[in-house]
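Asks: Residue numbers (my numbering): 170 to 620.
What the hints contain is simulated information worked out from the structure, not anything from laboratory work.
Remember, predicted model here, so these are calculated numbers, not experimental data.
Watch out, some of these pointers could steer you wrong.
Said to hold, decoys possible - Result set (SDA-like, lysine to any residue): computed pairs, CA atoms no more than 25 angstroms apart in a straight line:
1. Lys455 - Gly404
2. Lys258 - Ser218
3. Lys304 - Gly236
4. Lys258 - Arg231
5. Lys455 - Arg443
6. Lys258 - Asn381
7. Lys258 - Cys379
8. Lys258 - Glu237
9. Lys465 - Asn381
10. Lys465 - Ala476
11. Lys465 - Gly402
12. Lys304 - Pro233
13. Lys304 - Ala327
14. Lys258 - Ala369
15. Lys455 - Gly402
16. Lys455 - Ala476
17. Lys304 - Ile290
18. Lys258 - Asp228
19. Lys258 - Gly236
20. Lys304 - Arg344
21. Lys304 - Ser218
22. Lys258 - His281
23. Lys304 - Asn381
24. Lys304 - Gly221
25. Lys258 - Ala229
26. Lys258 - Ala230
27. Lys258 - Pro307
28. Lys465 - Gln501
29. Lys258 - Ser214
30. Lys455 - Phe420
31. Lys258 - Ala298
32. Lys465 - Leu499
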Amino acid sequence: MGGDLPPSVKKGSNTDLVWNWSRPGVPGDVLVGALKTQVAMGWQSVEFSFLGPLEVTVDAARLPLGGEKVRLTLAVLLEAEGRSVALEKLSGILADRRSSSRAVRDPQGAVHSCVSDLRGILRQGGLDADALIPKREPGYRLVVARDNVDLHRFRERAREVRRLAARNRAEDDPRIVHVARAALGQWDRGGAGPRGEPLADLTGRWATECRNNLRREHREITVRCLEAELRLGAGARLVAELEALHREWPFEEAIVGMLMLAHDRAGHRLQALRVYEGFERRVGAKFGTGPSPETKNLFRRIVEEDATLHPPVRTARKGTAMPPHRNPALAQRMADALAPVLPVLTGAGDPDPEARLNGASFDIAKDLWVLINRRSAVSLLPEATRERPDRAVLRAQLEEVLAADDFMSAEASRVLDETNVRGMNGQIIVSGNYFHQGDVINGTSIKNYGS
Numbered sequence: 170m171g172g173d174l175p176p177s178v179k180k181g182s183n184t185d186l187v188w189n190w191s192r193p194g195v196p197g198d199v200l201v202g203a204l205k206t207q208v209a210m211g212w213q214s215v216e217f218s219f220l221g222p223l224e225v226t227v228d229a230a231r232l233p234l235g236g237e238k239v240r241l242t243l244a245v246l247l248e249a250e251g252r253s254v255a256l257e258k259l260s261g262i263l264a265d266r267r268s269s270s271r272a273v274r275d276p277q278g279a280v281h282s283c284v285s286d287l288r289g290i291l292r293q294g295g296l297d298a299d300a301l302i303p304k305r306e307p308g309y310r311l312v313v314a315r316d317n318v319d320l321h322r323f324r325e326r327a328r329e330v331r332r333l334a335a336r337n338r339a340e341d342d343p344r345i346v347h348v349a350r351a352a353l354g355q356w357d358r359g360g361a362g363p364r365g366e367p368l369a370d371l372t373g374r375w376a377t378e379c380r381n382n383l384r385r386e387h388r389e390i391t392v393r394c395l396e397a398e399l400r401l402g403a404g405a406r407l408v409a410e411l412e413a414l415h416r417e418w419p420f421e422e423a424i425v426g427m428l429m430l431a432h433d434r435a436g437h438r439l440q441a442l443r444v445y446e447g448f449e450r451r452v453g454a455k456f457g458t459g460p461s462p463e464t465k466n467l468f469r470r471i472v473e474e475d476a477t478l479h480p481p482v483r484t485a486r487k488g489t490a491m492p493p494h495r496n497p498a499l500a501q502r503m504a505d506a507l508a509p510v511l512p513v514l515t516g517a518g519d520p521d522p523e524a525r526l527n528g529a530s531f532d533i534a535k536d537l538w539v540l541i542n543r544r545s546a547v548s549l550l551p552e553a554t555r556e557r558p559d560r561a562v563l564r565a566q567l568e569e570v571l572a573a574d575d576f577m578s579a580e581a582s583r584v585l586d587e588t589n590v591r592g593m594n595g596q597i598i599v600s601g602n603y604f605h606q607g608d609v610i611n612g613t614s615i616k617n618y619g620s
C-alpha cells in the first residue's frame with residue numbers, strides 16, 4: 170500500500186501540474202498553488218529549523234548542511250520568507266565573514282558555488298532542489314511552505330498578535346495569549362524548552378544582526394502576551410517567567426512594572442517594592458534619570474495596598490490565562506481526517522476501504538500526524554495505533570490531548586481550516602472557492618483534470 174502513496178506527478182509545462190493517481194478507484198486530483206511545494210519535497214515530512222541551530226530534517230532525519238558558507242546561504246534564503254535575494258546582497262554577506270579570499274576575488278562565483286552545494290544537499294534528502302531554489306531568476310529564493318519553517322510560523326503568529334494588540338479591545342486578550350503562546354512555542358523543540366540562540370553556529374555581521382532582531386521580536390511578543398495575561402488577572406504563575414525576562418532586559422521598564430504587579434498579586438509585596446527600588450538605582454546610576462510616572466504610580470498603589478490591583482482571575486485552569494478549551498468539534502474533525510489514514514501512517518495496516526480518499530485527504534492527515542508526533546502526544550492516543558481505529562474512541566482521546574495543549578489546538582485548526590487546495594468531485598477548491606478545468610488559480614491554469 171505504501172508504494173501507492175503519493176500519486177505520480179508529471180509536469181505538463183512550466184505552470185501546469187498533471188496528477189495521475191495509480192490506485193484504481195481513486196479520482197484524479199490536481200493540487201496547485203501551495204501544493205507545489207509539497208511536490209518539490211517529495212511528500213516527505215520536511216522541517217527547516219531556524220530558531221536554534223540551523224537544521225533541515227527530512228522524515229525526522231537531519232541532513233548534513235556542509236560548511237558555514239552553505240549554511241549561511243540557506244539561513245539568508247530562509248529569513249527572506251520566499252522573497253528573492255539579490256546576488257549582490259548574498260555575495261556581500263558571504264564576503265563579510267572574511268574567512269575566504271574567494272568571496273572577495275569572485276563574489277558571484279562564491280554565491281553560485283554555495284547555492285549549487287545547497288541544491289546538492291537537498292537532493293541527497295530526496296527533495297526537488299531545483300523547485301525549492303528555482304533557476305533562471307535574477308536572484309535566489311527558497312520556495313517552501315510557511316508551515317515547514319519555524320521562523321515563518323513564529324512571524325506569522327507574531328503579526329497576528331500585533332494586529333490584535335493594535336485594536337486595544339479587552340475581548341481580544343484571550344486570543345492574544347493563545348496566538349502569542351503558539352508563536353513563542355516555535356522557539357521550543359517539541360515543548361522541551363528553548364533550543365538556544367538562533368543561528369548560534371553562524372558568524373558574521375548578518376548573522377549577529379539577525380539574532381539580535383529575533384531576540385527583540387521574541388521579547389516583544391512575550392511582553393504582549395504577559396501584558397494580556399495580567400489584564401486577565403494572572404499573577405503568581407507569571408513571576409518566574411517575568412523574573413527571567415527581567416534578568417535579560419534589566420532596563421525595560423514595561424517588564425519591571427509587570428514583575429512588580431505579578432509579585433504583588435502573588436502576595437510578595439515586599440519583593441515587588443524591591444524590584445522597583447533596584448530599577449530606580451540602576452537607571453539613576455546609568456542614565457541619571459528615574460522611573461516613569463506610571464511606574465511610580467504603580468509603586469504607590471502597591472504600598473497603599475490598592476485592592477483594584479487584584480481583579481478576579483479570568484481563568485479556570487492552572488498555567489493559562491484562558492478557560493479550559495475543550496473543543497469536541499475540533500477533536501471530531503481531527504478524528505474524521507485521521508482515522509481512515511492512520512493505519513498507513515502508523516504502519517498498522519491499509520486505509521479504510523470504505524473511505525473516499527484523495528491526495529488532499531492524505532496530505533491533511535499526514536500534517537496532523539506530524540503535529541501529534543512533534544507534540545509528543547502519540548503515547549496519549551493508543552487508539553491511533555490500532556489496525557482499525559474507532560473514531561469515537563479516537564475523538565475522545567484527541568479531546569483530552571487538545572484540552573491540555575493549546576498550541577496543538579491552534580496548529581490543528583490551522584491545518585484543517587487553512588488547507589489552500591483540495592480536490593472534490595471533479596472540482597478544485599481553493600480557499601472555499603470552486604474552480605473547474607480551464608480556470609486559472611494564481612496564474613496556474615487547470616488542464617488535464619479528470620474525475
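Asks: Look at each hint and say if it fits the structure.
Replies: Going through the hints against the structure:
With a C-alpha separation of about 30 angstroms, the suggested pairing of lysine 455 with glycine 404 is violated against the 25 angstroms cut-off. For the proposed pair lysine 258 and serine 218, the alpha carbon gap of about 22 angstroms is at most 25 angstroms, so the pair holds. Distance restraint check for lysine 304 and glycine 236: the Cα-Cα separation of roughly 22 angstroms lies within the 25 angstroms cut-off, and the hinted pair is therefore satisfied. Taking the CA atoms of lysine 258 and arginine 231, the gap is near 28 angstroms; set against the 25 angstroms cutoff, the hint is violated.
Between lysine 455 and arginine 443 the CA atoms are separated by roughly 18 angstroms; this keeps the pair inside 25 angstroms, and the hint holds. As the CA atoms of lysine 258 and asparagine 381 are separated by approximately 19 angstroms, the hinted pair is consistent with the 25 angstroms bound. Straight-line distance between C-alpha atoms of lysine 258 and cysteine 379 comes to about 15 angstroms, which keeps the hinted pair within the 25 angstroms bound. Taken as a hint, the lysine 258 and glutamate 237 pair is honoured in the structure, with Cα atoms around 17 angstroms apart against an allowance of 25 angstroms.
Taking the CA atoms of lysine 465 and asparagine 381, the gap is near 30 angstroms; set against the 25 angstroms cutoff, the hint is violated. A C-alpha spacing of about 17 angstroms is found between lysine 465 and alanine 476, which places the hinted pair at or below 25 angstroms, so the restraint holds. Pair hint lysine 465 plus glycine 402 holds up; C-alpha atoms about 21 angstroms apart against a cutoff of 25 angstroms. A hinted pair counts as satisfied when its Cα atoms are at most 25 angstroms apart, and lysine 304 with proline 233 qualifies at roughly 23 angstroms.
With a C-alpha separation of about 32 angstroms, the suggested pair lysine 304 and alanine 327 falls outside the 25 angstroms cut-off, and the hint is violated. Among the hinted pairs, lysine 258 with alanine 369 is consistent with the structure: their alpha-carbon atoms are about 21 angstroms apart, no more than 25 angstroms. Taking the CA atoms of lysine 455 and glycine 402, the gap is about 33 angstroms. The hint is violated against a cut of 25 angstroms. Proposed proximity of lysine 455 and alanine 476 is contradicted: the alpha carbons are some 34 angstroms apart, above 25 angstroms.
Restraint check for lysine 304 and isoleucine 290: the C-alpha separation of about 16 angstroms stays at or below 25 angstroms, so the hint holds. Taken as a hint, the lysine 258 and aspartate 228 pair is broken in the structure, with Cα atoms around 32 angstroms apart against an allowance of 25 angstroms. Distance check on the hinted pair: lysine 258 and glycine 236 sit about 19 angstroms apart at the alpha-carbon level, within 25 angstroms; holds. In summary, the hint linking lysine 304 to arginine 344 is not supported, as the alpha carbons are separated by about 41 angstroms, beyond the 25 angstroms threshold.
Distance restraint check for lysine 304 and serine 218: the Cα-Cα separation of roughly 24 angstroms lies within the 25 angstroms cut-off, and the hinted pair is therefore satisfied. Of the supplied pair hints, the one linking lysine 258 and histidine 281 holds, its CA atoms being roughly 13 angstroms apart against a limit of 25 angstroms. Of the pairs offered as hints, the one joining lysine 304 and asparagine 381 is violated, with about 32 angstroms between alpha carbons and a cut-off of 25 angstroms exceeded. The suggested pairing of lysine 304 with glycine 221 is violated, with an alpha-carbon distance near 29 angstroms, which exceeds 25 angstroms.
Under the criterion of a C-alpha separation no larger than 25 angstroms, the hint pairing lysine 258 with alanine 229 is inconsistent with the structure, at around 32 angstroms. Restraint check for lysine 258 and alanine 230: not satisfied, since their Cα atoms lie roughly 31 angstroms apart, outside the 25 angstroms limit. In summary, the hint linking lysine 258 to proline 307 is supported, as the alpha carbons are separated by about 12 angstroms, within the 25 angstroms threshold. A distance of roughly 51 angstroms separates the Cα atoms of lysine 465 and glutamine 501; the hinted pair therefore is violated under the 25 angstroms criterion.
With a C-alpha separation of about 31 angstroms, the suggested pair lysine 258 and serine 214 falls outside the 25 angstroms cut-off, and the hint is violated. Under the criterion of a C-alpha separation no larger than 25 angstroms, the hint pairing lysine 455 with phenylalanine 420 is consistent with the structure, at around 10 angstroms. A threshold of 25 angstroms between alpha carbons decides the hint, and for lysine 258 with alanine 298 the separation of about 22 angstroms falls inside it, so the pair holds. As the CA atoms of lysine 465 and leucine 499 are separated by approximately 46 angstroms, the hinted pair breaks the 25 angstroms bound.
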